[in-house]
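Q: Work out the full structure: start from the sequences and follow the hints.
Quick note, the sequences are listed as chains A and B, same order.
According to numbering that gives the first Met the number 0, the stretch in the first sequence is residues 0 to 246, in order.
According to numbering that gives the first Met the number 0, the stretch in the second sequence is residues 0 to 323, in order.
Do not rely on the hints blindly, as some may be mistaken.
List time: in silico DSS-like cross-link candidates among lysine-lysine, alpha-carbon distance up to 30 Å [claimed, not checked]:
#, chain 1, residue 1, chain 2, residue 2
1, A, 49, B, 254
2, B, 66, A, 244
3, A, 150, B, 109
4, B, 320, B, 14
5, B, 180, A, 223
6, A, 167, B, 311
7, B, 254, A, 225
8, A, 244, B, 311
9, A, 161, B, 169
10, A, 223, B, 212
11, A, 244, B, 180
12, A, 161, B, 311
13, A, 167, B, 188
14, B, 212, A, 150
15, A, 223, B, 317
16, B, 212, A, 180
17, B, 188, A, 49
18, B, 58, B, 84
19, A, 225, B, 317
20, B, 212, B, 15
21, B, 169, B, 188
22, A, 161, B, 320
23, B, 120, A, 167
I should point out that these hints are in silico values taken from the structure, not numbers from a laboratory.
In this text, all values refer to a predicted model and were calculated from it rather than measured experimentally.
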Amino acid sequence: MKVLLCISHVPDTTSRIRFVNNQTQFDTTDVQYIISPYDELSLTRLLEIKEANNDLDITIITVGNADVEATMRKALAIGADDAIRVDAEPVDALFVAKQIAEVARTRNFDFIMTGKESIDHTGNQVGEMVAEFLDMPSVSSAAWLEIEANKGIITREMDGGKEVVEVKFPFVVSGQKGIAKEPRIPNMRGIMNSRKKSLEVVPAVAQDTVSVISHYELPAPKGKCKMIPADNAAELVRLLHEEAKVI
Amino acid sequence: MSVLVYTENWDGRFKKSTYELVSYAKAIATELKLPLVALSIGNVSEAEFSKLELYGADKLVLVNTEKLHTFVAQAYTHTVYQVAKAENASVLLFNNNYTGRSLAPRLSVKLNAGTATGVVKLPASYAPFIVRKSIYTGKAFADVELLSAVKILTLNQNSFEIRENATGAKVEVREVEVLDKHLAAMPTKVEKASGKMNLTDAEIVISGGRGLKGPENWGMVEELADLLGAGTACSRPVADSEWRPHHEHVGQTGKVVRPNLYIAIGISGAIQHLAGVNSSKVLVAINNDPEAPFFEAADYGIVGDAFAVVPKIIDAVKAMKASH
Ligand SMILES: Cc1cc2nc3c(=O)[nH]c(=O)nc-3n(C[C@H](O)[C@H](O)[C@H](O)COP(=O)(O)OP(=O)(O)OC[C@H]3O[C@@H](n4cnc5c(N)ncnc54)[C@H](O)[C@@H]3O)c2cc1C
Ligand SMILES: Nc1ncnc2c1ncn2[C@@H]1O[C@H](COP(=O)(O)O)[C@@H](O)[C@H]1O
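A: Here it is, written out as structure tokens:
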């Protein structure tokens with residue numbers, strides 16, 4: 000079986016978010032990049048499935064310039080089998096999804112996996128867009144995934160509860176929290192092996208740009224925290240009621 | 000042309016977030032001088048659906064085909080698409096929830112439309128069309144310009160106040176084409192969350208962290224939540240240690256909540272935790288360490304032992320309720 004896992008390369012979760020050039024550009028100074036957490040958890044689950052049935056080839060794909068290769072190598076070191084980079088600056092979600100769909104169209108994957116969202120753009124878009132480009136069924140926000148001979152069995156967790164979906168190949172699934180417990184850390188052997196794994200670079204296909212970010216802004220700084228003495232907790236209740244008017 | 004708003008129902012009912020969305024859509028439609036069409040799919044009564052007329056819908060389109068009683072992304076997309084085409088919609092609006100986040104991107108492909116997910120206010124301008132959305136899990140905002148003819152937005156909860164704007168519109172039942180191939184991902188089992196409130200709907204959230212030491216100490220958290228009609232949440236290590244169910248975990252990798260009031264008890268305030276809660280209107284931190292980073296993000300703080308402070312808060316809330 001073959002799966003295509005989409006990996007997004009994002010600033011580390013502890014990065015200070017700042018902008019430069021008149022608030023039009025993300026400030027990359029001192030920013031470390033990582034595999035977006037939901038993609039990392041999805042990779043972990045795919046490796047568990049691979050280890051359990053010994054029949055799953057995991058190809059990862061990232062749309063980005065050469066800078067993303069370090070992040071892709073990390074995914075290879077953790078255990079993905081090979082990698083494809085679409086050589087282009089990711090303009091917007093539709094552009095990224097189009098690139099992934101084009102690669103998937105010419106190579107036969109049994110299913111495609113994405114993370115629920117990338118933690119930078121918080122778009123929550125690419126997975127469903129890929130599915131629509133390929134006219135495939137999709138199951139988003141999967142909190143559990145099992146793979147059988149010709150289908151996936153997916154538990155989808157939402158605000159209102161849970162759903163179980165059984166869907167035949169091919170399909171698109173997006174992983175969220177719960178899909179795996181802890182992300183894996185690459186070991187020495189994994190790192191050595193990853194150097195021998197294939198990382199193919201392919202050109203981008205054309206796609207209209209339908210959205211651009213014109214300006215960034217940070218939330219207004221909070222006023223100073225009003226401290227209330229511990230022995231007068233009733234004062235907090237009074238303030239929440241009379242001043243903040245939230246209870 | 001028209002503005003189309005997709006109004007999701009839960010067991011035949013709408014939620015506050017639906018009324019927020021319709022009010023928001025009406026404001027956009029008014030600005031663009033276009034009629035507002037509300038679409039509902041599935042089993043919702045005409046009486047319930049008619050209520051949306053109160054918030055400004057000029058047309059109420061109900062698709063109540065048996066095959067669409069359970070949400071399947073592909074089939075619902077095809078349905079919204081047909082209505083959008085029939086109504087010549089130039090702006091499509093959804094709530095930024097699980098359903099909206101499935102439909103908006105798919106429609107973006109079908110309509111070659113620019114999409115902004117998680118928008119937080121009315122567009123700053125309409126030509127060019129620029130709207131603000133939340134990014135970096137709530138740590139920043141981006142103004143996105145949508146360049147396409149058709150635009151799609153998903154609105155964050157608690158970002159727009161409900162406005163009444165009655166039109167007197169009547170429900171119109173419409174048939175659509177449903178293709179069997181679009182039902183391939185039909186759920187085989189649907190489990191509704193039991194009785195408890197959805198965390199993301201809660202106006203008040205009481206949350207506990209590792210400072211509470213163990214699951215046996217959550218009694219006071221639940222008592223305070225019950226008193227205030229609040230939802231309960233927790234930090235990630237608390238869910239990871241299985242002190243609390245996973246659906247309570249908030250933060251960068253858990254749920255994002257935007258209540259009016261978030262009370263954090265024994266939570267240090269790590270950046271990944273704050274990412275999921277810092278769009279709350281009022282933040283309260285209770286922590287025995289005066290250096291806890293949460294105090295930098297909070298509006299109100301108490302430095303003290305949670306096991307002494309929380310019972311006092313409970314008593315004060317009871318006293319307040321008794322005096323009203
Ligand atoms: C990629 C990544 C993603 C993450 N995503 C999330 C996420 O989504 N959500 C999340 O929450 N975390 C997340 N984390 C973890 C996060 O970094 C913190 O480790 C976590 O939030 C800490 O949880 P905590 O505050 O409950 O525990 P701790 O950090 O252990 O803090 C406990 C606090 O309780 C206080 N305390 C102790 N005893 C008492 C008492 N008796 N009374 C009052 N206060 C007391 C202490 O002073 C301390 O501040 C993520 C981490 C990474 C690396
Ligand atoms: N540039 C990219 N290259 C490859 N996959 C991506 C890229 N951006 C997003 N994705 C995938 O799409 C998911 C959702 O991303 P987003 O729509 O940006 O929130 C991510 O978790 C990734 O799996």
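Q: A separate judgement is required for each hint: does it hold in the structure or not?
A: Hints and how they fare:
1. A:49 <-> B:254: holds (29 Å)
2. B:66 <-> A:244: Between residue 66 (chain B) and residue 244 (chain A) the Cα gap is close to 45 Å, so the pair fails against 30 Å, i.e. violated.
3. A:150 <-> B:109: Cα-Cα ~26 Å, so holds.
4. B:320 <-> B:14: Given pair residue 320 (chain B), residue 14 (chain B) holds - Cα atoms ~26 Å apart, limit 30 Å.
5. B:180 <-> A:223: With a Cα-Cα distance of about 56 Å, the restraint between residue 180 (chain B) and residue 223 (chain A) is violated, given a limit of 30 Å.
6. A:167 <-> B:311: Given that 30 Å is the threshold and the Cα spacing comes to 56 Å, the pair is violated.
7. B:254 <-> A:225: Given pair residue 254 (chain B), residue 225 (chain A) holds - Cα atoms ~27 Å apart, limit 30 Å.
8. A:244 <-> B:311: With a Cα-Cα distance of about 20 Å, the restraint between residue 244 (chain A) and residue 311 (chain B) holds, given a limit of 30 Å.
9. A:161 <-> B:169: Distance ~34 Å between residue 161 (chain A) and residue 169 (chain B) Cα, so the pair is violated.
10. A:223 <-> B:212: With Cα atoms ~29 Å apart, residue 223 (chain A) and residue 212 (chain B) stay inside 30 Å; holds.
11. A:244 <-> B:180: Distance of about 51 Å is beyond 30 Å: violated.
12. A:161 <-> B:311: Distance of about 37 Å is beyond 30 Å: violated.
13. A:167 <-> B:188: holds (16 Å)
14. B:212 <-> A:150: violated (42 Å)
15. A:223 <-> B:317: Between residue 223 (chain A) and residue 317 (chain B) the Cα gap is close to 28 Å, so the pair holds against 30 Å.
16. B:212 <-> A:180: Answer holds: residue 212 (chain B) to residue 180 (chain A) is near 22 Å, not above 30 Å.
17. B:188 <-> A:49: holds (26 Å)
18. B:58 <-> B:84: Since the Cα atoms of residue 58 (chain B) and residue 84 (chain B) sit roughly 15 Å apart, the hinted pair holds (cutoff 30 Å).
19. A:225 <-> B:317: holds (23 Å)
20. B:212 <-> B:15: Given pair residue 212 (chain B), residue 15 (chain B) is violated - Cα atoms ~36 Å apart, limit 30 Å.
21. B:169 <-> B:188: violated (35 Å)
22. A:161 <-> B:320: This hinted pair is violated, its Cα atoms lying about 36 Å apart.
23. B:120 <-> A:167: violated (40 Å)
The structure is inconsistent with the numbered hints 2, 5, 6, 9, 11, 12, 14, 20, 21, 22 and 23, although it conforms to all the rest.
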